[in-house]
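K.L.:
Using the supplied hints, reconstruct the complex from the two chains, each of which is provided in its own coordinate frame.
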Amino acid sequence: MKCLILGLGNPLLRDDSVGLRVVQELQRKLAPRPEVEISEDYWGGLRLMERMVGFDRVIVVDAMRSGGAPGTVRRLTPDSVPTQRSASAHDVNLPTALRLGRMAGAKLPPDERIVLVGVEAGDVETFSEELTAEVQTAIPQAVRLVLAELGAEPEETA
Amino acid sequence: MQRVSIDPITRLEGHGKIDIFLNDDGGVANAYVQVPELRGFERFCLGRPAEDMPNITDRICGVCPEAHHMASTKALDALFHVDPPPTAKVLRELFYSIFYATDHTTHFYALGGPDFVMGPDAPPLERNILGVVKKVGMEVAGAVLKMRRDGHHLIKMMGGRPVHPNWGLPGGVSRGITEEQREEIERLGLDAIEFGKFTIKLFSDLVLGNPVYVDLIKNEAYVHRTYNMGTVDENNHVNFYDGMIRVVGPDGKEHAKYHARDYMQYVAEHVEPWTYLKFPFLKKIGWKGFEDGVDSGIYKATPLSRLNAADGMATPLAQAEYERMYDVLGGKPVNHTLATHWARIIELLYAAEHWVELSRNPLVTGEEFRVLPTETPTEGVGSVEAPRGTLTHHYWTDERGILTKVNLIVGTTNNNAAINLSVRDAAKGLITKGKTITEGLLNTIEMAYRAYDPCMACATHTLPGQMPLEVVLRSPQGEVVGKLSRGF
Numbered sequence: 001m002k003c004l005i006l007g008l009g010n011p012l013l014r015d016d017s018v019g020l021r022v023v024q025e026l027q028r029k030l031a032p033r034p035e036v037e038i039s040e041d042y043w044g045g046l047r048l049m050e051r052m053v054g055f056d057r058v059i060v061v062d063a064m065r066s067g068g069a070p071g072t073v074r075r076l077t078p079d080s081v082p083t084q085r086s087a088s089a090h091d092v093n094l095p096t097a098l099r100l101g102r103m104a105g106a107k108l109p110p111d112e113r114i115v116l117v118g119v120e121a122g123d124v125e126t127f128s129e130e131l132t133a134e135v136q137t138a139i140p141q142a143v144r145l146v147l148a149e150l151g152a153e154p155e156e157t158a
Numbered sequence: 001m002q003r004v005s006i007d008p009i010t011r012l013e014g015h016g017k018i019d020i021f022l023n024d025d026g027g028v029a030n031a032y033v034q035v036p037e038l039r040g041f042e043r044f045c046l047g048r049p050a051e052d053m054p055n056i057t058d059r060i061c062g063v064c065p066e067a068h069h070m071a072s073t074k075a076l077d078a079l080f081h082v083d084p085p086p087t088a089k090v091l092r093e094l095f096y097s098i099f100y101a102t103d104h105t106t107h108f109y110a111l112g113g114p115d116f117v118m119g120p121d122a123p124p125l126e127r128n129i130l131g132v133v134k135k136v137g138m139e140v141a142g143a144v145l146k147m148r149r150d151g152h153h154l155i156k157m158m159g160g161r162p163v164h165p166n167w168g169l170p171g172g173v174s175r176g177i178t179e180e181q182r183e184e185i186e187r188l189g190l191d192a193i194e195f196g197k198f199t200i201k202l203f204s205d206l207v208l209g210n211p212v213y214v215d216l217i218k219n220e221a222y223v224h225r226t227y228n229m230g231t232v233d234e235n236n237h238v239n240f241y242d243g244m245i246r247v248v249g250p251d252g253k254e255h256a257k258y259h260a261r262d263y264m265q266y267v268a269e270h271v272e273p274w275t276y277l278k279f280p281f282l283k284k285i286g287w288k289g290f291e292d293g294v295d296s297g298i299y300k301a302t303p304l305s306r307l308n309a310a311d312g313m314a315t316p317l318a319q320a321e322y323e324r325m326y327d328v329l330g331g332k333p334v335n336h337t338l339a340t341h342w343a344r345i346i347e348l349l350y351a352a353e354h355w356v357e358l359s360r361n362p363l364v365t366g367e368e369f370r371v372l373p374t375e376t377p378t379e380g381v382g383s384v385e386a387p388r389g390t391l392t393h394h395y396w397t398d399e400r401g402i403l404t405k406v407n408l409i410v411g412t413t414n415n416n417a418a419i420n421l422s423v424r425d426a427a428k429g430l431i432t433k434g435k436t437i438t439e440g441l442l443n444t445i446e447m448a449y450r451a452y453d454p455c456m457a458c459a460t461h462t463l464p465g466q467m468p469l470e471v472v473l474r475s476p477q478g479e480v481v482g483k484l485s486r487g488f
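Going down the list, the sequences are from chains S and L. All the letters of the first sequence, read from the start, carry residue numbers 1 to 158 under this note's numbering. All the letters of the second sequence, read from the start, carry residue numbers 1 to 488 under this note's numbering.
Take every hint as true, because none was put in to throw you off.
Simulated crosslink set (DSS-like; lysine-lysine; CA at most 30 Å straight-line):
{"id": "1", "chain 1": "S", "residue 1": "K107", "chain 2": "L", "residue 2": "K146"}
{"id": "2", "chain 1": "L", "residue 1": "K146", "chain 2": "L", "residue 2": "K135"}
{"id": "3", "chain 1": "S", "residue 1": "K107", "chain 2": "L", "residue 2": "K135"}
{"id": "4", "chain 1": "L", "residue 1": "K156", "chain 2": "S", "residue 2": "K107"}
{"id": "5", "chain 1": "S", "residue 1": "K29", "chain 2": "L", "residue 2": "K156"}
{"id": "6", "chain 1": "S", "residue 1": "K2", "chain 2": "L", "residue 2": "K146"}
{"id": "7", "chain 1": "S", "residue 1": "K107", "chain 2": "L", "residue 2": "K134"}
{"id": "8", "chain 1": "L", "residue 1": "K197", "chain 2": "S", "residue 2": "K107"}
{"id": "9", "chain 1": "L", "residue 1": "K156", "chain 2": "S", "residue 2": "K2"}
What the hints contain is simulated information worked out from the structure, not anything from laboratory work.
The shape of chain L in the complex, shown without the other chains (with noise of 0.2 Å):
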C-alpha cells in the first residue's frame, strides 16, 4: 500500500497531519487526520473555584475565546441555578454577535475565501487575503480591517479586555452599557449591516457568477450525507447564543431537539486507536463508522449544519440569503462541504443584523445585568454555538463550588468524524491511477479540510498562515518514491 503524507500544520511543530493511503491499483483507500491533544487540561482545572473557569476555558482556544468566556458563563448559571435578568441576556447575545461577526470576517476574507476568489490552483503566494485585495480592489483591505478594528473594539468596551473578557459572571455580567456606547454600538452595527451585504455580493460576483466554482462546489466528492446539528430559537430560527439543540438527518427530517443539559443521552463518543481526539456521533443511530447516510451516527456541527438544522433566518437580509442558496444548490439539507463558506456569511450577515435589533432593544441600558446566587452549587452544562461549532462546557463542583469534574465537547471535536470522510472522499475523488499528484490537486483536498475552519485541538494556537503541504508518496514497502512540498 502506498501512502500520501499530507502535513497540513507545520513541520515546525510536526503534530497534526493528513495520511493518504493508497491502494496497490493507485487510488486511495483511506484518510486520516491527526491531530495532536493538549494535555493535562482537566487536572488544571481541578480544585479550583468554577467561577475561574470562564476566564480559563478561553485561553485554551487561541480562535474563539469569547465562545468558551460564553459557554463557561452559562454553564455557571446552570451550576449556581440562577437566571440571569434580562438585561443580563440581551448584553451577553448583543456581545455575542459581535463577536461573531468579527469572526467569520477573519475565516472567510484570511482563509476559505482566497480558494475561491483565486481559484484552487492559483500559486500559494497569490491564494491569500494579499490576493484577494489585489483582485478585488483595494477597499477591500480597509473594509475587512475596519470590520475587526470595530468589533475588538467593542468586545474590549463591553466585556472589560481585548480578546479574553472579564465580563461572564453566574447570573449575569459584571457590567453594563451607556446610552453613548449603546448608541456607538448601533452605528458601528450598521455597517457591518452594510460590510456583510458586500461579503455576499463578493461572493455572488465572483464564485456564484463562475460555473467552474459552482461546479465544484456542487462536485459530488465534496458532498457528504451526514446529520446536522445547531441550536435554534422558539421558531426553529439559527440562533448563535441561547435554545435548543437541534438534529436534522441527511433526509432533512427532524432527529432530535433537546436542552443542551441532556446531550449526554444523544451523544456519544467513539474512539480510534490511531488518534487522541475522540469522535462523536448520535446515540441512537449509533457508530456504524467512517460512512454517511441516515444510517451512521455521524453528524456534523458547522455554519452549514446550523443552517441545514434551523427552518430559517430569524432577519430579513440573512432569510433572504438563506432562501437563496437553497434554491441554487437543490433544496434543503445541502450536504456540499464547501457551501460551508457560503453558509458562513449568511451567518455574517446574520450577526450583523442582530447586532442591531439588539443594540435597539430597550433592555440593553438596563441597569439590573446581575442576579447574585443563593443556592448551592451542584452541576451545570452551558451551551453555545461557537463560529466552529456546538460549543458544550459540564462542571461538577463540590457544595464549595470547587470543581471535582470538567467535561468540554468542542466546535471541532463535533466535526472530527465529519472530517476524515470529507478529506478521504476529495481525495478519492482526485487522486486515480496515474494521475500526477499537484499542488493545485493537494489545494483542493485541502479545502474539504478547511471548509471546518478546524481548531487543532481546539487549542492548538500555533499554526502557520499558509499551510506548509508536503506530499510524500511511498511505495508498498514503505519506501519514498516521491515528494513533493510547499513552503509556506
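Just chain S, same shape as in the assembly (with noise of 0.2 Å):
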C-alpha cells in the first residue's frame, strides 16, 4: 500500500509552519520505507488533491484554527478539516477537490483512507521561523500520532 504523509504550511509564518515541522521529525524517526513517500507541499485544494494521486493512503500534517488552545492536536478526515490549506478563497476546498478529481477519473485513495492530523495554531500573522512554545511542544504528539495511523495499517501490522 502506497502511503503519501505530507507536511502543509509555510515556513515562514511562525505557526503555520508547524506541519512541515512535524513531517521532518518524522523523517528522522521513520527508516526509510519503499510503501512511504515523506514530502512537504504548501497548498490545500485542488493542488492537494492532485499531490494524492496515485496513492493508495494520505496523511496530512497542517496547522488549524479551530478555535481551541494552541498546541492541541487533532486526527481529522476530509470533510471535518478546519486546517489551514484544506481550503482557499482562491481554490475549492478538499472534498470538493477530491470529488472533481474522482469525476476527471483520477486514482485517489478513498476518502477513509485520508487522514488530517491538525495542530492547533496560535500564531500564523507574524514572519517568524520560530513557532510559539505551545505549539512547539505539540510536536512530539503529532508524530506519534501520525506513526500510530501508520501502524494501524493492516499491511504495516502483518
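P.N.:
Structure follows, in C-alpha cells:
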C-alpha cells in the first residue's frame, strides 16, 4: 500500500509551519520504507488533491485554527477540516477537489484512507521561523499520532 | 444607523470582513472591506542577503508565489546593476506565461466562473466547480485538471521546484532548457491554446448567450470609472513580464507612462484609521476619498485594467477576443467590474499563445542564461504584472548586499480603494429600504469583491473555499435584529 505523508505550511509564517516541522521530525524518526513517501507542500484545495493522485493512503499534517488551545492535536477527516490549507479562497476546498478529481478519473485514495492531523496554531500572522512555545511542544504528540496511523495499517502490522 | 456585516473570510480565523452600514432609511450609507495584515515582514527581511529575497518573498503569498519570485528576481537585476542575457529574458517570460495560464485557469473555473455559469442565485452547494462540471459536461473536469497539471509540471521542470522556484538569480536564471524540454513545452503550450479557446467559447455560450448575465455585467452598480494601470510593451500591448507601466484615465486618455523604478513619483499611499492596509492612489491626481471619476486618484490594476491600459494584445486570438469584448461592452475603456472575468480569460488565451511563441524562439535553448554581477549593489526596483495587479518590489542594501530596507506594493493593494468602492456601490444598488436581504443578494454583492480575486494581505493563505457569509442586521443602537448566514 503506497502511502503519502504530507506536511503543509508556510515555513516563514510562525505556527503555520508546524506541519512541515512534524514531517521533518518523522523523516528523522522513520526508517526509509519504499512504500512511504514523506513530503512537504504549501497548497490545499486542488493542488492538495493533485498531490494525492496515485497513493492508496494519505496522511496530511497541517496547522489549524478551530478555536481550541494552541498546541492541541486532532485527527480529522477530509470533510471535517478546519486546517489552514485544505481550503483557500483562491481555490476550492478539499472535499470538492477530491470529488472533482474522481469525476475526472484520477486515481485517488478513498476518503476513509485520507487522514488529517491538525495542530492548533497560536500565531499565523507574524513572519518568523520560530514556532510559539505551545505549538513547539505539540510536535512529539503529532508525530506519535502519525506513527500510530501508519501502524494501524493492516499491511504494516502483518 | 443599522449595520450589515458580511464576513466572507472565515469564522475560524475571524479576520477580514465586509461591513455595510445602513442609514436610517434602510439604504446603504457606506461599506468597508477590512483585511488583516501579516506582521513583521520587513523586520524578517532586514539583515539578510538580498539574493535570498526571491525565495523569501515567494512564500509571502500562497496564491501567486511565481509572481513574487519574478518581481524579486528583477529587483535583484536592478540592485546588482546587471542586465540578464537575452536567453534568460526569454526563459523567464516563458516561465511566467505558463504560470499565468495556469493561475487564470484556477480562478476562472474555481471562483469567478461558477457565479456566471450557475448564476448568482444558485445554492452555494451548486455554485462551485462541481456545478460547472455538472452543467457543462464531464470533459471540463479533465480539461481543467490537465491544464493545471501541465502548468505545474513545466513550472517545476523550469523552476526547479513545484510552486516555489529556486531559479531566479540576479543577472539571469540558474538553469536553461534542453531541446527535448523545449519540445515538450511547445507541445503542452499548443494544448493550452486549445484550452484557452475552449474557455472563451464556454464563456460566450453560457454568459454572453444569456441576456440576464450580460445585463448583470452592464449593471450600473458594478460600474466604476477609475484609472487603470497595466504594463505594456513597446507597442502598448499587454505584457506580464516587462515593459513600461501605463495608466489610462476613465476617459481613456493616457495619464502616465513610466518605468517601474519611478513608481514613487506616480503612486502615493493613503491611510485610513479603520484598516492597516494602505490605499495607493495616483499622486498627481490626489486622494479625493472613496470616489471614482477623472478627478479621483483611485486606480485599478486588474486583468481588465491591463486591457484598458493597453492598445491591444500581442497575439492574434487574444486580440480578436479583445476587440470583441470592447464591441460588446461599448468601447474603451470598459469600467464594468464583472467584465474582469472576461478580461481574465482573454489574458489566459494570450498567455497560452505567448507561451508557444516563446517556446519557438531560437534563443530559448541558448546556453548563456546568466551574467555574473560585478558591481556593488545599492538599490533596485523590480516589477511584473501579477495576475491580481501590478507587483512592485523595492530593495535597498549596504555595499555587501545586505538588506537595509524593503518596500512591496502587491497586486491586491493597488485595488484596495476600488474594491471598497465596488462593494459599496454594489450594496447601494441592491439593498434598499424594505428589501429582504437574501443569500442571492449577498452573493451578488460578494461578486463585486470576487472579481478582483483579492489576495488578502497578499499572504493570508488560509481562507475557506466556499466563502462563509454572515449578515448581521443591527438597529441604530447596535442591537442584533436579524441574522442570515450560510456555512461552507
